[in-house]
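Colleague: Order-wise, the sequence lines are chains A and B. Just so you know, this note's numbering puts 38 at position 22 of the first sequence, and the rest follows in order with no gaps. Just so you know, this note's numbering puts 350 at position 121 of the second sequence, and the rest follows in order with no gaps.
Heads up, a few of these hints could be off.
[Claimed, not checked] Restricting the straight-line Cα-Cα distance to at most 20 Å, the calculated cross-link-like pairs of lysine to aspartate or glutamate (EDC-like) are: (1) B:K290 <-> A:E124; (2) A:K330 <-> A:E227; (3) A:K218 <-> A:E329; (4) A:K218 <-> A:E119; (5) A:K362 <-> B:E428; (6) A:K229 <-> A:E329; (7) A:K79 <-> A:D134; (8) A:K362 <-> A:E273; (9) A:K83 <-> A:E158; (10) B:K290 <-> A:E125; (11) A:K218 <-> B:D493; (12) A:K215 <-> B:D405; (13) A:K215 <-> B:E428; (14) B:K290 <-> A:D127; (15) B:K290 <-> A:E139; (16) B:K290 <-> A:E265; (17) A:K83 <-> A:E265; (18) A:K118 <-> A:D29; (19) A:K21 <-> A:E265; (20) A:K175 <-> A:D111; (21) A:K123 <-> A:D134; (22) A:K218 <-> B:D405; (23) A:K83 <-> A:D134; (24) B:K290 <-> A:E119; (25) A:K229 <-> A:E126; (26) A:K218 <-> A:E231; (27) A:K218 <-> A:D74; (28) A:K79 <-> A:E158; (29) A:K79 <-> A:E329; (30) A:K175 <-> B:D493; (31) A:K123 <-> B:D493; (32) A:K47 <-> A:E329; (33) B:K492 <-> A:E126; (34) A:K47 <-> A:D29; (35) A:K83 <-> B:E379; (36) A:K271 <-> A:D282; (37) B:K290 <-> A:E126.
[Unchecked claim] With the C-beta cut set under 8 Å, the calculated list includes, among others, these residues of chain A facing chain B: (38) K123; (39) V152; (40) P177.
Think of the hints as simulated: they come from the structure by calculation, not from any bench. Note that the coordinates shown come from a computational prediction; the quantities given were computed from them, not determined experimentally. We put the CB at the ideal spot given by N, CA and C, even for glycine.
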Amino acid sequence: MDAIKGFIDLFADPRLFFTISVVALVLIVWKREAWASNSWGWGMMVFLAIFFAFGLTDENFNKIITKPDNVPIVALIFLLVFFTWYSVREGVRNDQRIAAGKEPIEKEEEDRVWTWPDLVYTELIAMVVCMVILIVWSIGLEAPIEQPANNANTPNPSKAPWYFLGLQEMLVYYDPWLAGVVLPSLIIVGLMAIPYVDKNPKGNGYYTFVERKAEIVIFLFGFIILWNSLIVLGTFLRGPNWNFFGPFEYWDVHKLEALTSVQLSDYIWVRGLGMALPENPLVRESFGILLTLVYVFVLPVALAKKGLSRYYEKLGPTRFYVTVTLFLAMLSLPVKMLLRWLFNLKYVVSIPEYFFNI
Amino acid sequence: MADTKTIEPKAPALVRAWDWITETQIWTSIFRHTAPINDRNRVLVMLSNVFLHMHPVRLRKSGVRLRYTWCMGGISFFLFLVLTFTGLLLMFYYRPTLEYAYSDIVGLREHVPLGIMREMHRWGAHAMVITVWLHMFRVFMTGSYKPPREFNWNVGVIMLVLTLLLSFTGYLLPWDQLAIWAITVGSNMARATPFLGHEGPGFQLMRLGDVQLVHAADDARFALLGGTLVGEGALLRFYVLHCVALPLVIGFLMAVHFWRVRKDGGISGPL
């Protein structure tokens, strides 16, 4: 039993956790026709149920998942797995119909039905079911109330509300001005830009995958991996001092993590050129600043010429540059993660004098 | 042959009572037509009832299928109504001051028999965040943000932000350790706002001559909290935002959202 737990703890390490999530997404997209089968759908739900039931028997895991505010996230995991599977399955079904020369299922359901009774009764039943769930949940689980607020007593770990834990997890890799302000703003801007940069007229009003491959893959990557899996990571796997703890691990306040983070400027000046760091921060960080400028301004242009030129022609310059800029902003998180994991790199640009760290 | 008298069988008492009630002037003044059991009345019920009139009279079959809609938008709206109602009840008990906030919440548990209003409010709020996400997920996966619904997707994104802000502001109100530190962690981000936060890049540039405009007691975080730390000012600010300002804005946007669903052609379907 302990061996199984240790094994799971091992795989929950952020590096593996993230990599496995990405690999799973790739596999899902690639082998979607097999994945869309009912046995996969049922299998995953049963697996999750067994996993959490097993987890309840463990003292440490139990403590995390039965924390009242974490219960919704357990529900979220089930719901997300189910609905991701479900929407991909419906897409696969429609794709098969389209490939066979038929129209999507929704086209066959174009006939109009009466709102009364068809819709109002559905709504009524949905309301009753939701109300029942909410009441049972409210009777069964008390809302948390801890000790009175005390500004002098900081709990460890201090966590934001669960829906912001993806952003808090970003703080591991980026400074607050990026993780807490700029990137969240870009998420909102990016969401709002979606309908204006997506020029693909297909797949409007029905499930499909083949007709909207790039859009769906990017969205799933952003929504499932970067947003939700980081929330799960931040909720269940981050303990005191924001250190990583496996689900079955005891949250030891004194757990030591080797922090050997190195700045890019150290790599270049000290280790690369064998010199002391220059006094002037702009000179010191010139390589990092150059690299950032290349990433933000040169890379989109280069991609327009080569690599993504097909999209450049399809979207036109404005839509293309908006899309690519937002996409690269999204990718900057996994890029920074990889740099951290592979090279212990803390900051590409580090000018703490001006709170300007990237 | 003797005349035979035919006697109509009497309808059961309940039916007669129902018939009588529905023929009174009071009833007919409220409901202008009889039950929606024929097509004419199915139209009339949608046109004459203020609560139903946000629906069309008829809609695509896929629009009533859980398979297509997941019902997540409707559930989000329903949860909003539940939250408004339970929140209103909580406001009777709760006073947003350092002196009373925590003890009022404890009192809700200790003194209100069978009280589950706080639980319904909290779990409903968590659930609403999830259903809003799933609603947007469904809208994305069916490509329903595409023309002509681009604008309504944007209204939705703003409502997503408002939903999160509503939940965030409400999180502080119990005034316990969980609340204050979650808000502290969340609002510390504002300190790092470029130019406007006192630990943000470029804040040194915000000066008039020798006067530093952005500092710990005058920056984005201060504006959010009404103080340099999560204290009395923050509690009042979050309370007012949570109970008045944000619900009003999101309610207004909901009206726009539902109106645009209708005007953009109803629940989406293949063109």
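Colleague: Now tell me, hint by hint, if it's right for this structure.
Modeller: Structure-based check of each hint:
1. B:K290 <-> A:E124: At roughly 9 Å apart (the allowed maximum being 20 Å), E124 of chain A and K290 of chain B satisfy the hint.
2. A:K330 <-> A:E227: Holds: K330 of chain A and E227 of chain A sit about 15 Å apart, inside 20 Å.
3. A:K218 <-> A:E329: holds (18 Å)
4. A:K218 <-> A:E119: holds (13 Å)
5. A:K362 <-> B:E428: holds (19 Å)
6. A:K229 <-> A:E329: holds (18 Å)
7. A:K79 <-> A:D134: violated (44 Å)
8. A:K362 <-> A:E273: holds (15 Å)
9. A:K83 <-> A:E158: Holds - the C-alpha atoms of E158 of chain A and K83 of chain A are around 10 Å apart, at most 20 Å.
10. B:K290 <-> A:E125: holds (5 Å)
11. A:K218 <-> B:D493: Holds - the C-alpha atoms of D493 of chain B and K218 of chain A are around 18 Å apart, at most 20 Å.
12. A:K215 <-> B:D405: violated (49 Å)
13. A:K215 <-> B:E428: violated (40 Å)
14. B:K290 <-> A:D127: holds (6 Å)
15. B:K290 <-> A:E139: holds (14 Å)
16. B:K290 <-> A:E265: violated (50 Å)
17. A:K83 <-> A:E265: holds (16 Å)
18. A:K118 <-> A:D29: Cα-Cα ~46 Å, so violated.
19. A:K21 <-> A:E265: holds (9 Å)
20. A:K175 <-> A:D111: Outside the cut-off at roughly 43 Å; violated.
21. A:K123 <-> A:D134: holds (19 Å)
22. A:K218 <-> B:D405: With a Cα-Cα distance of about 51 Å, the restraint between K218 of chain A and D405 of chain B is violated, given a limit of 20 Å.
23. A:K83 <-> A:D134: Given that 20 Å is the threshold and the Cα spacing comes to 40 Å, the pair is violated.
24. B:K290 <-> A:E119: holds (15 Å)
25. A:K229 <-> A:E126: violated (25 Å)
26. A:K218 <-> A:E231: Holds, at roughly 11 Å.
27. A:K218 <-> A:D74: violated (49 Å)
28. A:K79 <-> A:E158: holds (15 Å)
29. A:K79 <-> A:E329: Not satisfied, since the Cα-Cα distance of roughly 54 Å exceeds 20 Å.
30. A:K175 <-> B:D493: violated (41 Å)
31. A:K123 <-> B:D493: holds (18 Å)
32. A:K47 <-> A:E329: At roughly 30 Å apart (the allowed maximum being 20 Å), E329 of chain A and K47 of chain A break the hint.
33. B:K492 <-> A:E126: Holds, at roughly 18 Å.
34. A:K47 <-> A:D29: violated (26 Å)
35. A:K83 <-> B:E379: Between K83 of chain A and E379 of chain B the Cα gap is close to 39 Å, so the pair fails against 20 Å, i.e. violated.
36. A:K271 <-> A:D282: violated (27 Å)
37. B:K290 <-> A:E126: holds (6 Å)
38. K123: holds (5 Å)
39. V152: violated (10 Å)
40. P177: holds (5 Å)
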